[in-house]
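Peer 1: Listed here are the chains, written in short residue letters.
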Amino acid sequence: AQSVAQPEDQVNVAEGNPLTVKCTYSVSGNPYLFWYAQYPNRGLQFLLKYITGDNLVKGSYGFEAEFNKSQTSFHLKKPSALVSDSAWYFCAVMGRRALTFGSGTRLQVQP
Amino acid sequence: KAGVTQTPRYLIKTRGQQVTLSCSPISGHRSVSWYQQTPGQGLQFLFEYFSETQRNKGNFPGRFSGRQFSNSRSEMNVSTLELGDSALYLCASSPSSGAGGEAFFGQGTRLTVV
Numbered sequence: 001a002q003s004v005a006q007p008e009d010q011v012n013v014a015e016g017n018p019l020t021v022k023c024t025y026s027v028s029g030n031p032y033l034f035w036y037a038q039y040p041n042r043g044l045q046f047l048l049k050y051i052t053g054d055n056l057v058k059g060s061y062g063f064e065a066e067f068n069k070s071q072t073s074f075h076l077k078k079p080s081a082l083v084s085d086s087a088w089y090f091c092a093v094m095g096r097r098a099l100t101f102g103s104g105t106r107l108q109v110q111p
Numbered sequence: 001k002a003g004v005t006q007t008p009r010y011l012i013k014t015r016g017q018q019v020t021l022s023c024s025p026i027s028g029h030r031s032v033s034w035y036q037q038t039p040g041q042g043l044q045f046l047f048e049y050f051s052e053t054q055r056n057k058g059n060f061p062g063r064f065s066g067r068q069f070s071n072s073r074s075e076m077n078v079s080t081l082e083l084g085d086s087a088l089y090l091c092a093s094s095p096s097s098g099a100g101g102e103a104f105f106g107q108g109t110r111l112t113v114v
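Taken in sequence, the protein lines are chains A and B. Residues in the first sequence are numbered from 1 upward in steps of one, following my numbering. Residues in the second sequence are numbered from 1 upward in steps of one, following my numbering.
Rather than coming from a laboratory, the hints here were simulated on the basis of the structure. One or more of the hints may lead you astray.
[Stated by the list, open to error] Some chain A residues near chain B, calculated using beta-carbon distances under 8 Å:
id	residue
1	Pro18
2	Lys22
3	Phe34
4	Gly43
5	Leu44
6	Phe46
7	Lys77
8	Phe90
9	Arg97
10	Ala98
11	Leu99
12	Phe101
13	Ser103
14	Arg106
Computed from a predicted structure; not experimentally measured. Yeah, the Cβ is synthetic: ideal placement off N, Cα and C, and Gly gets one too.
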């Protein structure tokens, strides 16, 4: 069975600084990995996905993620954080027609 | 292009009642999935429908059921509500069923069972 782990419940970063939200995965076979953001009173917004190809995936709102097969990681990054990036972030792996989500990381960007 | 629409946005029900939630997917999307989000259990997969057929089901009791109509709209039903069913129910649509395709989520229905 596939799973993802987000080791940090919360990440705090100052506006303008780079941010990283961590995710590790466990799957058999090739992983299909996703990042979603959840803003207050909103559903999940798709940010990016890794299916195959380049290890650095670029997504929406300036986010990118680095796939590392040897470390089974798929960390979300952004070079310069904005206060509006404050949200919950969920890493997910696609299994048999269903997404398995991590527990989520709350990102707080301070002005 | 309109996004995924879920109705109603908020519901308050009493234990023992039943409830029906509705989801209209993005036009042209044929796959609809449902997820339950709670503070304790996080996001959990309920089921997926594609072309009116249930393709996959998560580990939820039979009180949770769903269906999909020919226009791809989907409904989810929960019977004999329990306090623990209080959650945000999210619907997601995808163009096709299977791995690789991103899912587009609605804003959710917040169900409170009292």
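Peer 1: Does each hint hold? Answer for all of them.
Peer 2: Here is how each hint holds up against the structure:
1. At about 25 Å, the closest approach between the beta carbon of Pro18 of chain A and any beta carbon in chain B exceeds 8 Å, and the interface hint on this residue is violated.
2. Taking 8 Å as the C-beta contact cut-off toward chain B, the hint placing Lys22 of chain A at the interface is violated, the least distance being around 16 Å.
3. Interface hint status for Phe34 of chain A: upheld, as the beta-carbon distance to the closest one in chain B is roughly 7 Å, under 8 Å.
4. Because the smallest distance between the Cβ of Gly43 of chain A and any Cβ of chain B comes to about 4 Å, under 8 Å, the interface hint for this residue holds.
5. The closest approach between the C-beta of Leu44 of chain A and any C-beta of chain B is roughly 4 Å, which is under the 8 Å cut-off, so the hint is satisfied.
6. Because the smallest distance between the Cβ of Phe46 of chain A and any Cβ of chain B comes to about 5 Å, under 8 Å, the interface hint for this residue holds.
7. Interface restraint check for Lys77 of chain A: the shortest CB-CB distance to chain B comes to about 19 Å, outside 8 Å, so the restraint is violated.
8. At its closest, the beta carbon of Phe90 of chain A sits 7 Å from a beta carbon of chain B; the interface hint therefore holds under the 8 Å criterion.
9. With its C-beta approaching chain B no nearer than about 4 Å, Arg97 of chain A sits inside the 8 Å limit, and its interface hint holds.
10. Because the closest C-beta pair between Ala98 of chain A and chain B is about 4 Å apart, less than 8 Å, the hint holds.
11. For the restraint placing Leu99 of chain A at the interface with chain B, the shortest Cβ-Cβ distance is roughly 6 Å, inside the 8 Å limit, so the hint holds.
12. Below 8 Å, beta-carbon pairs count as interface contacts, and Phe101 of chain A has one with chain B at about 4 Å; its hint therefore holds.
13. Contact between Ser103 of chain A and chain B, as hinted, is supported at the beta carbon level, the nearest pair being about 5 Å apart and thus within 8 Å.
14. Among the interface hints, the one on Arg106 of chain A is violated; its C-beta lies about 12 Å from the nearest C-beta in chain B, farther than the 8 Å criterion.
Of the numbered hints given earlier, the model fails hints 1, 2, 7, 14; all others are met.
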